[in-house]
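Based on these hints, arrange chains B, C and D on the given structure of chain A.
Residue numbers (the working numbering), protein chains in the order written: chain A, 1 to 140; chain B, 1 to 140; chain C, 1 to 140; chain D, 1 to 140.
Some hints here could point you the wrong way.
As the list claims (entries may be wrong) - Within a straight-line C-alpha distance of at most 27 Å, the following computed DSS-like cross-link-like pairs (lysine-lysine) qualify:
{"id": "1", "chain 1": "D", "residue 1": "100", "chain 2": "C", "residue 2": "63"}
{"id": "2", "chain 1": "C", "residue 1": "100", "chain 2": "D", "residue 2": "121"}
{"id": "3", "chain 1": "B", "residue 1": "100", "chain 2": "A", "residue 2": "63"}
{"id": "4", "chain 1": "C", "residue 1": "121", "chain 2": "B", "residue 2": "56"}
{"id": "5", "chain 1": "C", "residue 1": "123", "chain 2": "B", "residue 2": "49"}
{"id": "6", "chain 1": "B", "residue 1": "121", "chain 2": "C", "residue 2": "56"}
{"id": "7", "chain 1": "D", "residue 1": "56", "chain 2": "A", "residue 2": "121"}
{"id": "8", "chain 1": "A", "residue 1": "100", "chain 2": "C", "residue 2": "56"}
{"id": "9", "chain 1": "D", "residue 1": "49", "chain 2": "D", "residue 2": "63"}
Hint data in this document are derived by calculation from the structure and do not stem from the laboratory.
Now for the letters of each chain:
There are 4 protein chains.
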Amino acid sequence: MRSDFRFFHRLRVRYSEVDWQGIVFNAHYLTYMDVALTEYFRNIGLDYKQLAQEGKMDMALVKTTQEFISSAMFDDELEIGVRISHVGRTSYNVEFEIYKNGFEDMVFRGQTIYVNYDPVKRKSETVPDFFRSLVQAFEH
Amino acid sequence: MRSDFRFFHRLRVRYSEVDWQGIVFNAHYLTYMDVALTEYFRNIGLDYKQLAQEGKMDMALVKTTQEFISSAMFDDELEIGVRISHVGRTSYNVEFEIYKNGFEDMVFRGQTIYVNYDPVKRKSETVPDFFRSLVQAFEH
Amino acid sequence: MRSDFRFFHRLRVRYSEVDWQGIVFNAHYLTYMDVALTEYFRNIGLDYKQLAQEGKMDMALVKTTQEFISSAMFDDELEIGVRISHVGRTSYNVEFEIYKNGFEDMVFRGQTIYVNYDPVKRKSETVPDFFRSLVQAFEH
Amino acid sequence: MRSDFRFFHRLRVRYSEVDWQGIVFNAHYLTYMDVALTEYFRNIGLDYKQLAQEGKMDMALVKTTQEFISSAMFDDELEIGVRISHVGRTSYNVEFEIYKNGFEDMVFRGQTIYVNYDPVKRKSETVPDFFRSLVQAFEH
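Chain A with its partners taken away, still in its complex shape:
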């Protein structure tokens, strides 16, 4: 529920994202999660683009689950709650909940597991300490 989240990213549904039924096509929720996680990172002091470019940190989505609870429509303003619920040795878990702006009813819930990934070696690698510290400082 809303109170589980200390960070929300707000975005507005684009016309190109709704389908024939007039509701957001399911694939776009994965993009919403990706956008919201980038903003969560920025909010706790991490510039994802810079980290990736400098080879200091990259990530790969390994598993994700989505539940579609109610519909979002064109022009709806959505609030996307993001929290990192667990940081393991080489991976971390992120939880997402989406609400319509001003409403309590949930639109969508998602969980993801990312692996910290070395783009040169092409394999998983220990989550860096600066990441672990920033996440813990924010979430606790």
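Frame of chain A, contents of chains B, C and D only:
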């Protein structure tokens, strides 16, 4: 594994679907699943577009899980296995596995639960008998 | 150039919108134009979603030209200038220019012609007076 | 018209590509053009992916015009005509026309200008002779 599937849809990765890492961006796998399920339906004798237009059957994705096992790149030919593993009273489960054409290693695995949906009443409804019969005839 | 525009919509490039070269894939610029025009409408007092739903006004893109002048990359903040340069009897022309936030160099320029469209009759129709008035009041 | 084209790529409209009006959202036509050009290249003996990877040839879209003549809907099979109408020193022009499979009426017409691009030097470069020869052999 491949032998679990009696139907495969083949498609080629578009340039617009790969990201900065040169691999298919995760959201596009939901589109691939959607495209492959439409073709599965056509293959067993169901025209999804016509059924939806005539109000005889529509569907809503309620839950899905994806695992990203290896990467697909621009211009790769993918084989998307689709099977309906269970038909319940108002819902059905679909399983997907994606392979690169000619290779045994799995790229992706997904599970989805769809609810049979009445677009006028905006609620779930019993899966029609013709659907149940066509699926059982094909899968068994 | 920037001073030709009285309205700018700002958005940030999503990771899903960049391609293997690390730059925004061309098709997404059409989505950017669409998003920015919806916000331009909102800014002059038109709620596009409501007008379309009430059948008071809809539109169809009939012709568009795009020039790709420099590249936009992941996480860039873009400012999209929008202006309606001409309102004809059944159509109107919209011009777009995109700049990186804080820079003078143009990234993109686009022109579009929309036809005012009656979604029930499926044909073009005279641009409504309220639209013409709101545009003229804003642009002049 | 159809007889101007010696190459057609066929594809089927995806559910994710249609909008609330039930027709293909305009931005997807740029993706269709991109997909069809890759297939045109393959057809005349050029593997675009390999050329780009080996640094032998890359391309950048500099200008494009699209005309939306009639609508394409979900599940429509489209035939995308592609021809390279002019090869200049550092650029080439490509023309596209889209028809519904089995119908003579045009859905869409597009023109594009691509610059041959050196991805390392990040500037335009003379179109390679092998490209010019293969295009001329096919088109004439």
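Here's how the hints hold up against the structure:
1. At roughly 19 Å between alpha-carbon atoms, residue 100 of chain D and residue 63 of chain C fall within 27 Å of each other, so this suggested pair holds.
2. The hinted pair formed by residue 100 of chain C and residue 121 of chain D meets the criterion: a straight-line CA distance of about 22 Å does not exceed 27 Å.
3. For the given pair, residue 100 of chain B sits about 19 Å from residue 63 of chain A by alpha-carbon distance, which is consistent with the 27 Å threshold.
4. With a CA separation close to 26 Å, the supplied pair residue 121 of chain C and residue 56 of chain B stays within the 27 Å bound.
5. Distance check on the hinted pair: residue 123 of chain C and residue 49 of chain B sit about 24 Å apart at the alpha-carbon level, within 27 Å; holds.
6. Between residue 121 of chain B and residue 56 of chain C the CA atoms are separated by roughly 26 Å; this keeps the pair inside 27 Å, and the hint holds.
7. Restraint check for residue 56 of chain D and residue 121 of chain A: the C-alpha separation of about 26 Å stays at or below 27 Å, so the hint holds.
8. Our distance criterion of 27 Å between C-alpha atoms is met by residue 100 of chain A and residue 56 of chain C, whose separation comes to about 26 Å.
9. With a CA separation close to 22 Å, the supplied pair residue 49 of chain D and residue 63 of chain D stays within the 27 Å bound.
The structure is consistent with each of the numbered hints, conforming to all of them.
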